[in-house]
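Residue numbers (this note's numbering), protein chains in the order written: chain F, 1 to 310; chain U, 1 to 266.
If you're looking for bench data, these hints aren't it; they were derived computationally from the structure.
Ideal placement from N, C-alpha and C gives every residue a C-beta, glycine not left out.
Certain hints may be false.
Derived contacts from chain F toward chain U, CB cut-off under 7 Å, selection only [stated by the list, open to error]: (1) Glu-76; (2) Ile-80; (3) Phe-127.
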Amino acid sequence: MSVIEVTDLRKVYGPRTVVDGVSFSVEQGEIFGILGPNGAGKTTTVECIGGLRRRDGGSISVAGMDPANEDAALREVLGIQLQESRLPDKMSVIEALDLYASFYAEPHDPAELLERLGLVEQRKTYFAKLSGGQKQRLSVALALIGNPRVAILDELTTGLDPVARREVWDLLGELRGTGVTMLLVSHFMEEAERLCDRVVVIDHGRVVAADTPEGLAASVQADQRMSFLPSDPFDLAVLQALPDVHAVTTAADRVVVTGTDNVASAVIIALHERGISVGRLRVDQPSLDDAFVALTGSDEGPFSKGTAIR
Amino acid sequence: MSTATSGADSATSTRPFARINWPAARAMLISEGRLLLRNPGVVIWTAVLPVAAAIILGSIPAVRSPSKDLGGLSFFQVYQPVLVFFAITLLAMQALPDVLTRYREMGVLKRLRTTPVSPGMLLFAQLTLILSVSIVCMALMVVIPPLGGAPWPRNPGGFVISYLLGAWAMLGLGMVIASLFHNAKVAAGFGSFLFFVMQFFAGLWLQRPNMPTWLRHISDYTPSGASVQALTDSSIGHWPSALHLIVLVVWGAATSRLAVRFFSWE
Chain F
1 MSVIEVTDLR
11 KVYGPRTVVD
21 GVSFSVEQGE
31 IFGILGPNGA
41 GKTTTVECIG
51 GLRRRDGGSI
61 SVAGMDPANE
71 DAALREVLGI
81 QLQESRLPDK
91 MSVIEALDLY
101 ASFYAEPHDP
111 AELLERLGLV
121 EQRKTYFAKL
131 SGGQKQRLSV
141 ALALIGNPRV
151 AILDELTTGL
161 DPVARREVWD
171 LLGELRGTGV
181 TMLLVSHFME
191 EAERLCDRVV
201 VIDHGRVVAA
211 DTPEGLAASV
221 QADQRMSFLP
231 SDPFDLAVLQ
241 ALPDVHAVTT
251 AADRVVVTGT
261 DNVASAVIIA
271 LHERGISVGR
281 LRVDQPSLDD
291 AFVALTGSDE
301 GPFSKGTAIR
Chain U
1 MSTATSGADS
11 ATSTRPFARI
21 NWPAARAMLI
31 SEGRLLLRNP
41 GVVIWTAVLP
51 VAAAIILGSI
61 PAVRSPSKDL
71 GGLSFFQVYQ
81 PVLVFFAITL
91 LAMQALPDVL
101 TRYREMGVLK
111 RLRTTPVSPG
121 MLLFAQLTLI
131 LSVSIVCMAL
141 MVVIPPLGGA
151 PWPRNPGGFV
161 ISYLLGAWAM
171 LGLGMVIASL
181 FHNAKVAAGF
191 GSFLFFVMQF
201 FAGLWLQRPN
211 MPTWLRHISD
221 YTPSGASVQA
231 LTDSSIGHWP
241 SALHLIVLVV
251 WGAATSRLAV
261 RFFSWE
C-alpha cells in the first residue's frame with residue numbers, strides 16, 4: 001500500500017512554474033529518493049507533501065490525509081527534517097529531545113533514540129557546541145522523535161565533510177527495516193546509490209526518470225570504460241580487433257578502451273598473450289552520476305566520480 | 001482531485017489546533033525559561049537600571065516632596081510611573097522582537113510547524129515570560145521604595161489595570177515589530193528607535209507636566225503617554241481617565257490584530 005501518493009502536483013510562484021505535474025508514490029518502509037539539480041523543485045515538492053506550502057494543483061495523500069489541511073493527526077505520523085533549521089544555541093541535546101517528545105501522543109523514548117543516533121556522550125552538550133554531523137544527527141532524531149510512519153529528510157548531508165556525511169549515511173542505513181518510510185531529498189548521487197530503494201529525478205519541475213538507482217545507472221550508459229598504462233608500446237589495432245571493444249583511444253600515455261561488460265577481461269587477456277602487462281588499471285562503471293548528468297544535462301555540483309578499481 | 005485553497009504562502013496557519021496540549025505548553029515554558037536564565041544579559045540590563053533608579057529616587061527625601069515645577073507632584077511621583085513603563089517598554093521593544101526574529105531566522109518556528117503543536121505556543125511562552133519578568137520589575141519598583149519612606153500607589157486597582165493595559169499595548173507593538181521585520185538586526189534597530197520615541201512621549205526627558213499643551217495632547221494618544229498618565233493618576237489616588245484607558249485598549253487591540261495578521265513562521 002502506498003503511504004505517499006503524489007498526483008500531478010503543481011506549484012507556481014508568480015510567472016514561474018516551479019513544480020509542473022510531478023507524480024509518484026512511495027510504499028510503506030521504502031527509502032525513496034528525490035534527486036535533481038539545485039532549483040529543480042525538490043524542496044518545494046517535499047514542502048507541499050509536508051503541508052508547509054500550499055500547492056496550486058494536483059493531489060497529495062500522506063497516510064490517507066491531505067497535507068494541505070494541516071491536521072494535527074498528520075503531524076503525528078509525519079516527521080520532517082528541514083534544510084538549514086537550527087536550535088537555540090544553549091539548548092542541550094537531551095533538552096531538545098525531551099521538549100519535542102512532549103509534543104507527540106506516542107513519542108520514541110529519547111534515551112533510546114540518543115543511543116541509536118550515537119549521541120549519548122553529547123546528551124548534555126549545547127547545540128552550538130555540536131559538530132556539523134552531530135547537529136544533523138540531532139535533526140534526524142527530532143524528525144523521528146514522534147515515532148512517525150513517514151520521515152522527510154531534506155538535504156541532510158549538504159555542507160557536511162565526508163566523514164560526517166558517512167556517519168549520517170550509516171545511521172540511515174541502520175534505520176532501514178524499522179518500518180519508517182523515508183523520503184530523502186538529495187543532490188548527491190552517491191547518497192542515493194547507497195541508501196535509496198527507488199528514486200525519481202526531477203528537473204525543471206518535472207519528473208524526468210523514475211527507477212531503482214541501479215536501473216537508472218544502467219539505462220543511460222551501456223558502455224564500460226577502462227584505462228590503463230601498458231608495460232610496453234603495442235599496436236592499438238590488436239585491441240580494436242576484439243569483439244568486446246567498441247573504441248580505443250590514447251590520452252597522454254594511458255590507453256582508454258570502451259566496450260561491453262566484458263571489455264576489461266578481454267583486453268587484459270589479449271595483452272597478456274602478447275607479454276604486455278596492464279598497469280594502474282581503472283574501470284569506470286556507469287554510475288548514477290552519469291545517469292544524472294545525461295538526464296538533466298547538468299554537470300554542476302560536487303558529484304563524486306565513478307567507482308574505480310585501482 | 002482536490003485543489004488546495006488559496007492563501008498566503010507560508011503564512012500563519014489560520015487553523016488553530018482545537019485542543020491545547022498542556023503538557024507541551026508547560027514543557028515549552030520551562031524550556032524557554034531555562035534559555036532565558038542561560039542568556040540573562042538582556043533581562044538583567046532591562047531590570048536593573050529602572051529598578052535601581054526607582055529605589056534610589058524613592059530613598060531621597062527631597063525627591064519625595066511636592067514640586068511646583070511638576071504641577072504639585074513630587075519628583076518621585078512623576079518618575080516612578082516613567083520607570084515602571086521603561087522596563088516593560090525595553091522588554092517589549094527589544095527583548096521580544098529580538099528573540100522572535102532570531103527564532104524565525106534559525107528555522108525554529110518552521111520546525112515547530114512540522115510538529116503537532118503550533119509555533120504559536122512558542123510565542124505565548126515568550127509573551128508569558130516577558131510579561132512575568134516585567135511584572136516582577138514593576139513589583140520591585142512599587143514595593144521597595146515605600147520601605148525607604150516613599151509613598152505607595154494610592155489606587156492600587158487603577159495602577160494594576162493601567163499597568164496591564166499599557167503592557168498589552170507595548171507587547172502588541174513588540175509583536176508588530178517582530179512581524180514586519182524579518183532580519184533580527186533590523187528589528188533590533190527599529191525596536192531601539194521606537195523605544196526612544198516611546199520614552200520621549202512617556203516623559204523621560206521632558207516630564208509630562210512640563211510639556212507644552214499641544215505636545216501633551218499628542219502624548220495622550222500614544223500608548224506610552226497614556227500609560228504613564230494612567231499610572232500617575234492611580235498612584236496619587238485617582239482613577240485613570242477614560243481617555244487614557246481607551247487609548248491603551250485601542251493600541252493593544254490594533255497591534256494584536258496586526259501582529260496576528262502579519263506574523264509569519266518563515
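How the hints compare with the structure:
The interface hint given for F/Glu-76 is met, as the beta carbon of that residue sits about 6 Å from the closest beta carbon of chain U, less than 7 Å. Proximity of F/Ile-80 to chain U holds as hinted, the smallest CB-CB distance being about 4 Å (cut-off 7 Å). Violation of the interface hint for F/Phe-127 is found here, the shortest Cβ-Cβ separation to chain U being roughly 10 Å, above the 7 Å cut-off.
When the structure is compared with the earlier hints, a violation turns up for hint 3 alone.
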